[in-house]
Amino acid sequence: MVKVTIDGIEIEVEEGTTILNAARMIGGNVVPPAMCYYSSLEGSGGNCRTCLVEIAEGSTRDPRPMPKLMVSCSTQVQDGMVVKNKTSQRVHENRGAVTEFLLINHPLDCPVCDQAGECHLQDLSFDHGGAGSRFEEEKRTFEPIDIGNKIKLHMNRCILCYRCVKVAEQLTEKRVHGVLHRGEHAEISTYIQKAVESDFSGNMIDVCPVGALTDRTFRFKSRVWFLKPMNATRECKKCPGHATVWMFGEEIYRVTGRKDAYGEIERLDGKTAWICDDCRFETKDPKQWNIEGPRKINRHSVISQNHYEIPNPLKTNVKKSLK
Amino acid sequence: MIKTVITQQDRPVLSPEKMAEIQGVIQQFPEGKSKSAILRILHIVEREAGGWLSPDTMDMVAEILSIEPIEVYEVATFYTMFNLNPVGKYVLEVCQTGPCMLVGSDQTIEYIEKTLDIKVGETTADGMFTLKTSECLGACGYGPLLKCGIHYHEHLTNDSIDTLLTACRNGEVEKY
Amino acid sequence: MGRKLLLEHIDVPGIETFDVWRKHGGYLSVEKALKNMSPDDVVNEVKNSGLRGRGGAGFPTGMKWSFLAKPEGVPRYLLCNADESEPGTFKDRYLMEKLPHLLIEGMIVSSYALGANLSYIYIRGEYMWILEILEKAIAEAYAKGFLGKNILGSGFDLDLRVAPGGGAYICGEETALIESLEGKRGNPRMKPPFPAVKGLWGCPTVVNNVESLATVVPIINMGADEYVKIGTEKSAGTKLISACGNLVRPGVYEIEMGISVEEFIYGDEWCRGIANNKQIKALIPGGSSVPILPAHLITKLATGEDRLMSYESLSEGGFATGSMLGSGGFIVFDEDQSVVRNTWNFARFYAHESCGQCSPCREGTGWMQRVLHRIVNGQGNMRDIDLLADINKKIEGNTICPLGDAAAWPVAAAIRHFREEFEWYVNHPEEALKRNYGMLKNTPTTV
Ligand SMILES: Cc1cc2nc3c(=O)[nH]c(=O)nc-3n(C[C@H](O)[C@H](O)[C@H](O)COP(=O)(O)O)c2cc1C
Ligand code: SF4
Ligand code: FES
Ligand code: FES
Chain C
424 MVKVTIDGIE IEVEEGTTIL NAARMIGGNV VPPAMCYYSS LEGSGGNCRT
474 CLVEIAEGST RDPRPMPKLM VSCSTQVQDG MVVKNKTSQR VHENRGAVTE
524 FLLINHPLDC PVCDQAGECH LQDLSFDHGG AGSRFEEEKR TFEPIDIGNK
574 IKLHMNRCIL CYRCVKVAEQ LTEKRVHGVL HRGEHAEIST YIQKAVESDF
624 SGNMIDVCPV GALTDRTFRF KSRVWFLKPM NATRECKKCP GHATVWMFGE
674 EIYRVTGRKD AYGEIERLDG KTAWICDDCR FETKDPKQWN IEGPRKINRH
724 SVISQNHYEI PNPLKTNVKK SLK
Chain W
12 MIKTVITQQD RPVLSPEKMA EIQGVIQQFP EGKSKSAILR ILHIVEREAG
62 GWLSPDTMDM VAEILSIEPI EVYEVATFYT MFNLNPVGKY VLEVCQTGPC
112 MLVGSDQTIE YIEKTLDIKV GETTADGMFT LKTSECLGAC GYGPLLKCGI
162 HYHEHLTNDS IDTLLTACRN GEVEKY
Chain E
281 MGRKLLLEHI DVPGIETFDV WRKHGGYLSV EKALKNMSPD DVVNEVKNSG
331 LRGRGGAGFP TGMKWSFLAK PEGVPRYLLC NADESEPGTF KDRYLMEKLP
381 HLLIEGMIVS SYALGANLSY IYIRGEYMWI LEILEKAIAE AYAKGFLGKN
431 ILGSGFDLDL RVAPGGGAYI CGEETALIES LEGKRGNPRM KPPFPAVKGL
481 WGCPTVVNNV ESLATVVPII NMGADEYVKI GTEKSAGTKL ISACGNLVRP
531 GVYEIEMGIS VEEFIYGDEW CRGIANNKQI KALIPGGSSV PILPAHLITK
581 LATGEDRLMS YESLSEGGFA TGSMLGSGGF IVFDEDQSVV RNTWNFARFY
631 AHESCGQCSP CREGTGWMQR VLHRIVNGQG NMRDIDLLAD INKKIEGNTI
681 CPLGDAAAWP VAAAIRHFRE EFEWYVNHPE EALKRNYGML KNTPTTV
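Chains as they are written, first to last, in my numbering: chain C, 424 to 746; chain W, 12 to 187; chain E, 281 to 727.
If you are wondering where the hints come from, they were derived from the structure by calculation, not from laboratory data.
Careful, some of the hints might be misleading.
Result set (DSS-like, lysine-lysine): computed pairs, CA atoms no more than 27 Å apart in a straight line [as the list claims (entries may be wrong)]: (1) E/Lys350 - E/Lys464; (2) W/Lys14 - C/Lys562; (3) C/Lys509 - E/Lys464; (4) E/Lys464 - C/Lys589; (5) E/Lys674 - C/Lys491; (6) W/Lys29 - E/Lys464; (7) W/Lys143 - W/Lys125.
All of these numbers come straight from a predicted model, not from anything done at the bench.
Okay, chain C solo, but in the shape it has when bound:
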């Protein structure tokens, strides 16, 4: 075990833990934002640079400060390390800079974006964005495309976190999409029209921190804050059937995995409870789900402002259907 201090709070963690994960163990606002790191996707992190922190003391053995800000998602803690996140002016400034970089080419089309309300870029700009834009140039734009008949890609909104590529690589048998071209022309694409089709490809939508990949079966149906997220389960041969169903009245508008405060799919029996595409896209009848109860969305975006109760009739419905 090693000791690390983050924003003045000391915690003991296992060796090899990253600063970000140590901060998440403490919780609250010492946790740096992370737009590209995703703990259950191997090799993720390092790209977005939003999780930068200041290392005021490297370790007990070598207490010198590190000259550069470090990415907390990929930097391991050392015994005696002293980290500054919200208490560092440098972090605040540079995270603001990263936010600005992520936004200069972003279309800022929240009013027509299905991710609005649960978008990590919205959260980030709320905390770190500037008042106006200093970017006077023309924005880079791409045509939205369908990748497969269930997933829509709005490349304009993409921040190139590489998470969806890692999902395809690590969760599906065959990856047909990836990052093409380079520099500011880099884009997520299949290159030629190819359908992304596999039992787990829908998880690309769940890991996308912004509105670049969205569920076509839910497109423009409703703003998420009008929906009531419910914890639900079902028997499924392909996946644990451990999901959140998003309801409007008695209808299920969409199905997602169960995400924690950091937008990551929860673990079940030590494994990430990714849901399969059948559960996500094909199972919209409330009778097919065992609805457990409302899900508290623990984020500062609008969805958590909602107040809701379990609709009773549904519960009985579910029980019946299970028999």
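Fit chains W and E with the ligands to the supplied structure of chain C, relying on the hints for placement.
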């Protein structure tokens, strides 16, 4: 708007010698590391396919290396030497980076544009020449210069450009 | 005449062939190392020589070698970085094209020192004809028993291969080079782990520049004690400088470290002054990534002393009044050149070459490029100049690899030393468009 233009063309038929050359490239890497051969194989098949890589040609490379086609597209689109759309018989790539600009690469480009009546990125109507610009070719002391085929043509002047273009038209310049 | 360690025999006809090379002392260092020295002896000799990496960063080569992890049963690799794409740099090309056996010799000795049995030369794809020259020379070395199994009966085996890139400056960054050699996009890796621990195919790997590896040959031949007598105290030996821009005689020169910048630019043996009888306006001494120096800081330091061609003298004064030796890409601007336009040109270069992986570089380089483009085209504002300074401060240090810094520094330095010129562009939009466009009529003579 960034839009990837994609042209289709069937994969080239590789001669047994080319297939052997490709196998030789793969053997330069330890067992199980054949993906490392991808760049050199792309260079080889691009030549066989008339100077550019169509999706079908790239799929062929994926088959040769037993990898997914997207892995080839990802690589081919990253590296600027590969042409993803049809090109002329000769591709003239003029270096436009700082040191070359200091010695007149702007004028070189202008002169070629005027002489061939095309803009950078275009191909002449007879399909003979494609004009491209490139970033530093690593020959900065010998500019202005262009790359045509595998060779560099350095210290360009209007006269030497004319000579080169004529030689290309007469088929006296090695294409690749 | 300055002392030549690398280019001594460059003018001998047929020097690119094994036999001629051998006749002029070729492969003696291999015999010496494999027969009389242990691998650690070679590492120590290189350490004692003070050799600093010639690829740009100037990291001590011997020290880098001693960091190489040596776990039991895991292969180690030596990779030669022949990606040479830093604007202004064309020395490695010259060396490989003319003296392929010098590089091969250096790679054999270095691979022996590191215990690598399979080594690669990663060469930029545009140098395809040099790849052919190298492969021909390698075949000769195999035929003569200097490569392959049990070299010179020493029990040391080495296979040497050449692999081409596909057009990407970023693949000169060592971890991007490794990714590229694995057949992937050239996206730099995060460090740690460093290549010395986890490099090519997850194995310990050393990446060295062409010139660094070639320099191992004279070091072993003459011994570190003799080598350190050449050059200055902190910059031992000789260095290849590729001089370009508005010079009477641009080209690749081997200099003894510590000759004066003035002598190098104006001396008869070297560049012979500024082309077309013009005055010098600015100098970028170490490749496009290093800070530009205005005329008054080129031949003299801020303190008034002579500036010398050495790591320490070129960086004297820090970023305020100094620059860096970098890769030795020596770019000279005459009085009629536009620093603003060149700064835009370089910004465009970096935006074009960014791999696009991390947001400050992907977005920031493109942004700077666009703002500079506006200024060059007479559509700039005064506040754009401060905006540029601010953007580059925010890229610097916040990226995965040093390309972000490399893109930021030239802009920062140009604004630092040539702010009036930027302001002139903003105030004279019409003239700005005309200036430096269609101006230089004669191309300078070259070696
Ligand atoms: C963006 C970038 C481009 C680079 N390009 C080259 C290059 O073309 N050739 C080279 O030798 N080193 C290049 N380097 C430096 C290498 O990363 C590495 O430091 C060098 O190859 C080490 O060799 P050395 O210690 O022998 O100099 C580059 C570094 C960066 C960050
Ligand atoms: S700094 Fe630029 S080139 Fe380097 S990893 Fe980041 S995006 Fe790629
Ligand atoms: S979350 Fe650490 S860099 Fe993106
Ligand atoms: S700038 Fe043209 S070759 Fe280097």
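A quick look at each hint next to the structure:
1. E/Lys350 - E/Lys464: holds (26 Å)
2. W/Lys14 - C/Lys562: With Cα atoms ~14 Å apart, W/Lys14 and C/Lys562 stay inside 27 Å; holds.
3. C/Lys509 - E/Lys464: violated (37 Å)
4. E/Lys464 - C/Lys589: Since the Cα atoms of E/Lys464 and C/Lys589 sit roughly 15 Å apart, the hinted pair holds (cutoff 27 Å).
5. E/Lys674 - C/Lys491: OK: E/Lys674 and C/Lys491 at ~12 Å, within 27 Å.
6. W/Lys29 - E/Lys464: holds (23 Å)
7. W/Lys143 - W/Lys125: holds (14 Å)
Of the numbered hints given earlier, the model fails hint 3 alone.
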